[in-house]
Structure formats: structure tokens, C-alpha cells
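Enquirer: The lines below spell out each chain.
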Amino acid sequence: MQLTITRQDLYSRGELLLRTIFGGIYIMVPHFFLWFFIGIWSAILGFIAFWAILFTGRYPQSMFEFQIKFITWHQRVFASLHNLIDGYPSFGLSGTNDKVKVVVEYPERLSRGLVIVRFLFGIFYVLIPHGFCLFFRSIATGFVAFLAWWVVLFTGSYPASWHEFNAGTLRWMLRFNLYNGLFTDAYPPFSGKP
Amino acid sequence: MTHEEVSDNCTAIVLPRPAELTEREKEDAMGAYLMMFAAWGAGFPLPMVGLIASIIYYHINKKNSKFSAFHSYQALLTHIPISIVNAAAVIWGIVLFVGQSHPLLRHYAAFGVFAGIWNALYMTFSIIACVKARKGKFYYFWVFGRISFAKYYLPSRQKKKPNDDSNLPPEGF
Numbered sequence: 001m002q003l004t005i006t007r008q009d010l011y012s013r014g015e016l017l018l019r020t021i022f023g024g025i026y027i028m029v030p031h032f033f034l035w036f037f038i039g040i041w042s043a044i045l046g047f048i049a050f051w052a053i054l055f056t057g058r059y060p061q062s063m064f065e066f067q068i069k070f071i072t073w074h075q076r077v078f079a080s081l082h083n084l085i086d087g088y089p090s091f092g093l094s095g096t097n098d099k100v101k102v103v104v105e106y107p108e109r110l111s112r113g114l115v116i117v118r119f120l121f122g123i124f125y126v127l128i129p130h131g132f133c134l135f136f137r138s139i140a141t142g143f144v145a146f147l148a149w150w151v152v153l154f155t156g157s158y159p160a161s162w163h164e165f166n167a168g169t170l171r172w173m174l175r176f177n178l179y180n181g182l183f184t185d186a187y188p189p190f191s192g193k194p
Numbered sequence: 195m196t197h198e199e200v201s202d203n204c205t206a207i208v209l210p211r212p213a214e215l216t217e218r219e220k221e222d223a224m225g226a227y228l229m230m231f232a233a234w235g236a237g238f239p240l241p242m243v244g245l246i247a248s249i250i251y252y253h254i255n256k257k258n259s260k261f262s263a264f265h266s267y268q269a270l271l272t273h274i275p276i277s278i279v280n281a282a283a284v285i286w287g288i289v290l291f292v293g294q295s296h297p298l299l300r301h302y303a304a305f306g307v308f309a310g311i312w313n314a315l316y317m318t319f320s321i322i323a324c325v326k327a328r329k330g331k332f333y334y335f336w337v338f339g340r341i342s343f344a345k346y347y348l349p350s351r352q353k354k355k356p357n358d359d360s361n362l363p364p365e366g367f
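Same order as they appear, the protein sequences are chains A and B. The first sequence begins at 1 in my numbering and counts up by one. The second sequence begins at 195 in my numbering and counts up by one.
It is worth saying that the hints were derived from the structure and are not from the lab. Idealized CB from N, CA, C, for every residue including glycine. Each hint can be trusted.
As a list, the in silico DSS-like pairs of lysine-lysine whose alpha-carbon atoms are at most 30 angstroms apart:
no., chain 1, residue 1, chain 2, residue 2
1, A, 101, B, 257
2, A, 69, B, 329
3, B, 260, B, 329
4, B, 331, B, 256
5, A, 69, B, 257
6, B, 256, A, 69
7, B, 326, B, 345
8, A, 69, A, 101
9, B, 256, B, 326
10, B, 331, B, 345
11, B, 329, B, 256
12, A, 101, A, 193
13, A, 69, B, 260
14, A, 99, A, 193
15, B, 326, B, 260
Partial list, derived from the structure: chain B residues whose beta carbon lies under 7 angstroms from chain A:
no., residue
16, 218
17, 221
18, 222
19, 225
20, 228
21, 232
22, 235
23, 236
24, 247
For reference, chain A alone in the conformation it holds in the complex (with noise of 0.2 angstroms):
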């Protein structure tokens, strides 16, 4: 699994600013709408693609396509609000940013057996221990954040190393979450490193 955002050498103060403060408004609130029911079809072929594993050890490739590319949707989504890159994320499915890129290989065969190790066990050895980890790496990125706003607020420039950890942050999520979703049988790495 790949994610890559891409560090701008300049980012926009004007567009930092309008993020802040109408952000909410302009990108969660259209963004979040939509998701609500693209997320239902998300959850009713994830409960499905859950029981094809179970039976034939894959998943159907149509769903992953599918579901793919509404987790890079939400890596656009979450790479402008945590203000890693300027312009405002695309819509849609097939919407595209240039700075944002996420490669999921489709696994020709999944595990059977960690699709009901996860299902029953999932929540001690991915959950607790991944989330305990994220919860406190979530308040370093928040911390980071905040400063990096000031810092681009009057340079203009974006830190180079605060920049890839708040985007290996989002990359820890989205590879805990891959695994969880059942789309690879890799355990998660405890770290955001590419």
C-alpha cells in the first residue's frame, strides 16, 4: 500500500486562512453529505465482500475497485483539511489530485482463516494496540499541526519533516484500516513510514 502527499514548496496563506475558518462549511459539510450515502453502498459491500472472502478466498474485484476509491476520496478529503496540501479536494469516485496518491495492489487470494481471526479477535490485536498507539500519535499530529499552521500562516513553506508525519499519520490510518476492511492480510506496521 502506497500514500503519498505531496509537499507544496509554497502554500497558500489565503487559502489557510479560508480552510480554517469556513472549512467546516465549504469542504467537510458537501463532502461528509455525499459520504453519508456512498457509505451506506460502502457498508452493504463490505458486509458482502466479507462473506465472498469467507467462501472463495477473494475479494470481488468490482467491490475493491469500488471501495478504493472511495478510501482515496477520503485521503483528499483529509489531506486538505489537516491542511497538507492546497485546492479543494475533488468529488467523486474518479475524481483525481495530483498530490494525493493511494496504490492498493488487489490480492489475487485473501486468508479465510484471518478473515474469522480478525471478525473474532480483531479488536485485541489490531484495535487496542493500533488504536492505543494512534490515540497518542493523533495528539502529536494535532500538536504538530497547530504549530505548522503558524508556520505556514508566515512563511509560507510547510516544515518538510512535520509534513511527513502528519502525512504518516493518515498513512498509519489508512493501513489500519485496509486491514481491518479485510483488503490485504499484511498487519499493519506500528509506524507511518511509506
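Since chain A is already given, all that's left is putting chain B on it; use the hints.
Expert: Only chain B this time, still in chain A's reference frame:
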């Protein structure tokens, strides 16, 4: 010979063999029957959720391949009567519960048994169809199978573009 040919009034209907279908086509066809579980997946235990999901799924797949379109259409058609029966059971149940009157309770119980048997049959045959579709095979439900087959594989039902260059005889000849 790579196709199964079915002769009907001198018109050959060509059906793909399982090996000729891609995994994606088979999976898409299989998914159509699994839409009966959509209500569980969405978390809304309402009969119409499955029907709406089937309609959406059919519209997504109708242009992908004939095989998946056939199965999606058949799954949609078989979903309609079971959705009506289940919706009737739910509405009747609500009316009885809210009205606090029980003169039709015995009838409702009978209808409940009828709906239960229909659901069990529907699920059984849908799972059979689902497994067949996954293997790249055709499965025909009673009535709905013929309708779906006619829609996607009967040559007479398929629209033909009139050739603008061709000359036609006068009407009546």
C-alpha cells in the same frame, strides 16, 4: 467449437462457456444474488433496502457484460415479490402492534408462516444461483429466468440499428 450453441427457429443463441468468462464477470454475477443481504450490511432491517440495493447493483452491472447483466437482472426480478411480501408482513405487523387490536392475528400468523417459507425458498435458490454464477454457469429461476434470458440473450429482443443504405420494398410486400 468454443461456444455452446442453442438452436431456436434457425437462430443460434451463443452462450459463453464458464472458461471463457473472466473472474470479474463471475464475481459480479455472484454479487447480484448477495444483495439479499444488503439490509443486514446497511444496518437497516427493512425489506426495501435489499430491493433498492438490487436496483443499484443492476444499473451498475447492466453495461459491464451480458453474463453479469443477466444475473443482476434475474436477481432484481426475484427480489421484487419477496420484498413485497416482506414489506406487507412488516406493515401488517406494525398496524396490529399500534392498533392494539387482534382480530386478524390468526391471519397474520398464517401470513407470517407463508412469508417465512417464501423467504427460506428464496434464500435457498438464491444461494444456489450465487454458487452457479460464481462458477460461470447459468441458473434460471421459474419465470424470471426466462424473462432475463430473453432480455439479454434472445436475438429478436436485441435492438438492431436499421441500415440507412438498404433499399426496402413497398409496405405489404
